[in-house]
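K.L.:
Sequence:
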Amino acid sequence: SYLVREDIASYLVKEDIASYLAYHLQRIQIDRGITPPWPGDQVLSDLVTRAGLFFIFAATIVNFVADTYYSPQGQLQRLLYSGNAELRAAYTQVDLLYLQVLRTSVEGRVDASDLCARFGKVVGAIILLQDPLSISALAHLLAHDEADLEGALNPLHSLLDVPSNRNEPVRIFHPSFREFLLIQGRCQDSRFAVSEGRTHAQLALCCLNVMLRHLKRNICSIDNDIVLNSEIPDLESKLRECIPPVLSYACRHWGEHLSHAARDTDHWEELIGRLSEFTSTKLLYWIEALSLEGRFPLCINNLVTVIPWCKANAVGPKTSNLIYDAYRLVLDFHRVINVSAVQLYHSALVFIPNCSLLHAYRHELPSVRMTSPRTEEWDVSLLVLEGHRSSVNMVSLSREGNRAASASDDGDVRVWDTLNGGQVSCLKGHEGPVKSVEYSPDSSHIVSGGSDATIHLWDAVTGFNISTLTGHKGGVNSAIFSSDGCNIVSASEDSTLCIWDVLENKHLASLNGHSGPVTCVTFLADGSRILSGSVDSTIRLWDLKTKSMVEVLHCAGAILSLAVSPSLQNHIFLSGSQDGVITIRDVSSLKEVGRLIGHAAAVKSVTFSSHGKKVVSGSSDGIIRVWDAASRSCVAEYRGHSGPVECTRFTPDGTHILSSSADRTIRKWDASVEGVHGLREYVMTVKITDNLEYVVSGSTDGKLALWKTSDGSVVYEVNVHHGIIHCLALSHDDKVVASGSADHTICILNMDNGSNVATLEGHTDEVYTVEFSSSSSLLVSASQDGQAKIWDVSTRALKHSLTHSDSVGGASFSPDDKLIGSGTMDGTIYVWNVETGDRVAILKEYPSPVLCVLFSPNGKWLVSWFEDEAVKVWKVQGTKFQLSPHQEWRLDRRTDITNFGDGKGLVKYDDLLPSDEPLYLQEDGWVTFAPTGKRICWVPPSRRQPWLRTLWESQKGIFITGSQAGVLTIVDLTFALR
Numbered sequence: 001s002y003l004v005r006e007d008i009a010s011y012l013v014k015e016d017i018a019s020y021l022a023y024h025l026q027r028i029q030i031d032r033g034i035t036p037p038w039p040g041d042q043v044l045s046d047l048v049t050r051a052g053l054f055f056i057f058a059a060t061i062v063n064f065v066a067d068t069y070y071s072p073q074g075q076l077q078r079l080l081y082s083g084n085a086e087l088r089a090a091y092t093q094v095d096l097l098y099l100q101v102l103r104t105s106v107e108g109r110v111d112a113s114d115l116c117a118r119f120g121k122v123v124g125a126i127i128l129l130q131d132p133l134s135i136s137a138l139a140h141l142l143a144h145d146e147a148d149l150e151g152a153l154n155p156l157h158s159l160l161d162v163p164s165n166r167n168e169p170v171r172i173f174h175p176s177f178r179e180f181l182l183i184q185g186r187c188q189d190s191r192f193a194v195s196e197g198r199t200h201a202q203l204a205l206c207c208l209n210v211m212l213r214h215l216k217r218n219i220c221s222i223d224n225d226i227v228l229n230s231e232i233p234d235l236e237s238k239l240r241e242c243i244p245p246v247l248s249y250a251c252r253h254w255g256e257h258l259s260h261a262a263r264d265t266d267h268w269e270e271l272i273g274r275l276s277e278f279t280s281t282k283l284l285y286w287i288e289a290l291s292l293e294g295r296f297p298l299c300i301n302n303l304v305t306v307i308p309w310c311k312a313n314a315v316g317p318k319t320s321n322l323i324y325d326a327y328r329l330v331l332d333f334h335r336v337i338n339v340s341a342v343q344l345y346h347s348a349l350v351f352i353p354n355c356s357l358l359h360a361y362r363h364e365l366p367s368v369r370m371t372s373p374r375t376e377e378w379d380v381s382l383l384v385l386e387g388h389r390s391s392v393n394m395v396s397l398s399r400e401g402n403r404a405a406s407a408s409d410d411g412d413v414r415v416w417d418t419l420n421g422g423q424v425s426c427l428k429g430h431e432g433p434v435k436s437v438e439y440s441p442d443s444s445h446i447v448s449g450g451s452d453a454t455i456h457l458w459d460a461v462t463g464f465n466i467s468t469l470t471g472h473k474g475g476v477n478s479a480i481f482s483s484d485g486c487n488i489v490s491a492s493e494d495s496t497l498c499i500w501d502v503l504e505n506k507h508l509a510s511l512n513g514h515s516g517p518v519t520c521v522t523f524l525a526d527g528s529r530i531l532s533g534s535v536d537s538t539i540r541l542w543d544l545k546t547k548s549m550v551e552v553l554h555c556a557g558a559i560l561s562l563a564v565s566p567s568l569q570n571h572i573f574l575s576g577s578q579d580g581v582i583t584i585r586d587v588s589s590l591k592e593v594g595r596l597i598g599h600a601a602a603v604k605s606v607t608f609s610s611h612g613k614k615v616v617s618g619s620s621d622g623i624i625r626v627w628d629a630a631s632r633s634c635v636a637e638y639r640g641h642s643g644p645v646e647c648t649r650f651t652p653d654g655t656h657i658l659s660s661s662a663d664r665t666i667r668k669w670d671a672s673v674e675g676v677h678g679l680r681e682y683v684m685t686v687k688i689t690d691n692l693e694y695v696v697s698g699s700t701d702g703k704l705a706l707w708k709t710s711d712g713s714v715v716y717e718v719n720v721h722h723g724i725i726h727c728l729a730l731s732h733d734d735k736v737v738a739s740g741s742a743d744h745t746i747c748i749l750n751m752d753n754g755s756n757v758a759t760l761e762g763h764t765d766e767v768y769t770v771e772f773s774s775s776s777s778l779l780v781s782a783s784q785d786g787q788a789k790i791w792d793v794s795t796r797a798l799k800h801s802l803t804h805s806d807s808v809g810g811a812s813f814s815p816d817d818k819l820i821g822s823g824t825m826d827g828t829i830y831v832w833n834v835e836t837g838d839r840v841a842i843l844k845e846y847p848s849p850v851l852c853v854l855f856s857p858n859g860k861w862l863v864s865w866f867e868d869e870a871v872k873v874w875k876v877q878g879t880k881f882q883l884s885p886h887q888e889w890r891l892d893r894r895t896d897i898t899n900f901g902d903g904k905g906l907v908k909y910d911d912l913l914p915s916d917e918p919l920y921l922q923e924d925g926w927v928t929f930a931p932t933g934k935r936i937c938w939v940p941p942s943r944r945q946p947w948l949r950t951l952w953e954s955q956k957g958i959f960i961t962g963s964q965a966g967v968l969t970i971v972d973l974t975f976a977l978r
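Going by full-length UniProt numbering, the sequence shown wraps up at 978, each residue one higher than the last.
Derived by calculation from the structure, the hints in this document are not laboratory data.
There's no promise every hint is true.
[Stated by the list, open to error] Below, computed lysine to aspartate or glutamate pairings styled on EDC-like, alpha-carbon distance capped at 20 Å: (1) 860 / 816; (2) 311 / 277; (3) 547 / 501; (4) 614 / 628; (5) 703 / 734; (6) 614 / 637; (7) 614 / 592.
Can you build the whole structure from these sequences, using the hints too?
P.N.:
Below is the structure:
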């Protein structure tokens with residue numbers, strides 16, 4: 001006869017268990033001096049039968065019999081007569097053994113009830129710990145005598161791995177012991193059964209008590225108040241000394257225990273009281289400790305589980321509000337606190353809203369002082385993901401929603417943790433902008449399409465570039481997986497769609513028919529057909545089996561986005577178009593059945609939620625809209641991006657929305673929040689007066705405002721332009737302000753009251769720059785129309801028009817007002833004679849768009865700043881300009897340079913740029929002291945837009961920044977300059 005594979009496997013397992021038991025029982029017999037034969041063949045056979053196929057049962061038998069607290073013969077007798085061996089449940093034999101071990105531990109003891117209570121507290125804690133603890137740490141956590149705790153564990157060596165060294169962790173031998181104690185009905189003796197909810201409550205209370213006793217500000221006694229964690233000398237030894245294992249455990253896991261705590265615990269009132277005390281006095285110090293340990297993401301993990309628990313258990317508003325504020329703080333400042341614990345105080349407390357957390361910890365406010373009023377609410381977006389250096393064109397979520405992949409014009413595909421905002425990986429391979437990114441249905445792969453006409457397939461876990469698919473003759477705008485993940489369909493600028501085999505990495509077919517770039521493609525629910533949209537104003541339906549076009553739908557304008565409803569009861573699809581309209585169509589007939597009206601510009605993205613009840617759309621108007629699919633009404637608007645919204649996606653559970661934008665960010669929103677959130681208009685440019693008393697701002701709605709730096713109050717606000725104010729300039733006596741606008745005009749106003757002195761007209765496109773001469777008698781303006789114009793301020797007359805090869809981004813006077821330097825979007829620097837309007841020189845040494853051109857205060861140098869943050873310096877010698885060979889000039893780090901050109905002398909950076917502007921806002925949010933590069937503080941995304949240079953300004957330690965959230969921030973950093 002033959003044995004099937006399962007029978008062979010079972011037979012071999014039983015043989016292994018028999019060998020295991022025979023070997024270890026013989027060792028016990030020898031070590032304990034027992035006269036052979038022992039235990040005997042019949043007993044061994046009985047034990048093997050009881051063990052069945054469970055090695056854990058055999059191991060527990062050995063540990064139980066070997067327990068030095070009892071004789072091996074007596075232990076074996078207890079096992080053999082402990083109950084019915086015929087019970088059929090797979091775990092019954094193990095349960096009976098566990099029960100016998102536990103009963104033996106208290107057998108004959110007059111204090112059995114006390115021992116059982118101690119067992120519940122100690123062993124209950126051990127089996128529910130998130131990480132194993134040593135006897136020493138466990139004793140501290142439970143506030144239990146160490147020797148007594150060790151005594152409680154001595155009879156349980158057959159069930160627990162109890163090291164002789166008290167500093168090594170105690171562990172259970174097998175998860176089945178945990179299940180035996182926790183699962184109702186498994187443990188037949190109620191004295192030993194463990195209540196999971198009550199034990200978690202006990203552990204949460206213990207964690208809170210430990211943190212209340214030990215946490216404090218600057219727990220590691222760090223001297224430098226602006227240092228990064230990685231720069232702290234000997235941090236590891238400081239952590240070992242200042243954050244012992246029990247405190248580390250409490251900090252890492254209190255929220256997990258609390259989130260499972262049952263209300264019927266005997267210590268409920270004490271637990272709530274300790275939670276209130278902890279949130280009111282130690283919450284910030286807890287965040288600091290986890291940051292120092294390199295475990296900052298656990299702050300978010302703990303808080304995100306505690307918030308719903310507080311709501312479910314009706315925890316008081318004071319405690320609940322503090323926990324929510326802490327959650328928002330760690331989300332808003334995750335990028336900086338993750339790397340610098342001290343910035344919790346020196347940045348986060350400076351900028352957070354006027355919330356309960358600020359009131360509770362006001363005594364911890366640093367010397368950095370924000371003089372402008374605090375907002376009353378947290379920013380509308382929950383999380384901002386930063387790191388891309390250019391427009392983020394698409395974002396895609398993994399099946400679980402815990403990861404997001406993004407595609408950017410900077411050429412990178414980045415993978416993010418959507419819970420804490422951390423970057424997981426950066427995938428490099430495209431040679432140019434990446435326009436599309438999607439996860440495979442099982443989230444094991446990522447596909448990306450780029451302007452380089454290639455499609456890259458990546459391993460989603462390792463980031464390995466599995467293959468590169470080539471065949472398109474134009475950029476790839478969209479690439480998506482089929483529902484089984486076996487095929488990819490791509491849409492291209494070359495007007496075609498391509499079908500690819502993922503496993504074979506080969507091209508299967510091309511679909512021709514569109515007469516213009518194909519912008520989007522999506523599968524219908526049955527997976528056998530696809531829809532494609534194009535700038536040729538058509539939507540086309542294709543059959544994948546026949547590789548042929550089924551139908552053509554002619555539309556009113558370019559189609560930029562498509563989405564098919566996943567609902568089986570609602571067979572519709574949506575198309576977003578250039579005119580801002582979202583059209584609803586029936587899948588079967590392709591006929592229009594409705595419209596979603598609201599966007600003021602092109603709809604770049606439209607997506608259904610997983611259940612099909614909601615729709616989210618993103619537009620070039622910078623607004624995200626959420627729609628009810630049934631009523632077709634807009635239920636929410638989110639404003640926060642400062643550029644076109646390129647992509648919007650629901651998380652798989654529909655609770656959140658991710659959006660990506662040309663403003664280089666990805667934002668996370670709460671999808672349950674309805675209504676209008678965020679401001680449509682916001683500050684676009686700021687200037688500080690020389691006396692530091694006032695700030696002038698220009699906004700996207702054409703308004704100009706004057707603010708006091710002392711308290712951020714508005715002195716006046718006036719309507720000046722009919723379009724965005726791009727730029728401002730102050731006369732050198734601070735009596736007059738000039739503004740340049742998208743409405744093609746320049747306005748000159750009286751600084752005292754905002755009255756209009758003059759309106760200068762002549763440009764035919766948006767004005768990007770205005771600048772006064774040193775005498776304030778002349779004004780230069782630069783425009784997208786390719787002109788720079790010189791104006792006489794007193795007569796308001798145009799003196800000269802200076803023609804350029806491209807849009808002019810910046811222009812300024814030399815200190816003696818004899819020359820003007822200007823720069824264009826094609827990277828060309830021009831130098832002009834102010835008196836005659838003649839061109840003196842053309843300097844074209846760098847291809848990036850020029851954002852700013854400045855003469856040094858002494859007039860000996862010309863400095864230009866480019867869009868990619870490169871800085872070029874020319875030595876001025878009359879009408880000749882010598883380019884510095886040095887390649888490391890930076891506006892944010894003022895390094896002196898030797899051996900300039902002729903090898904003579906030292907070039908001091910302070911000779912190049914005004915020394916009263918020593919502060920610099922980095923693109924990553926850090927404000928640095930330019931002479932040394934020293935970090936001062938970090939500004940959250942809701943209060944800045946660093947790559948837009950007109951949106952921040954500094955002078956003599958006063959730092960001003962505006963933002964897309966409509967907030968003007970004034971910060972006094974004079975302490976840093978001392």
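K.L.:
Where does the structure disagree with the numbered hints, that is, which hint numbers, in rising order?
P.N.:
none
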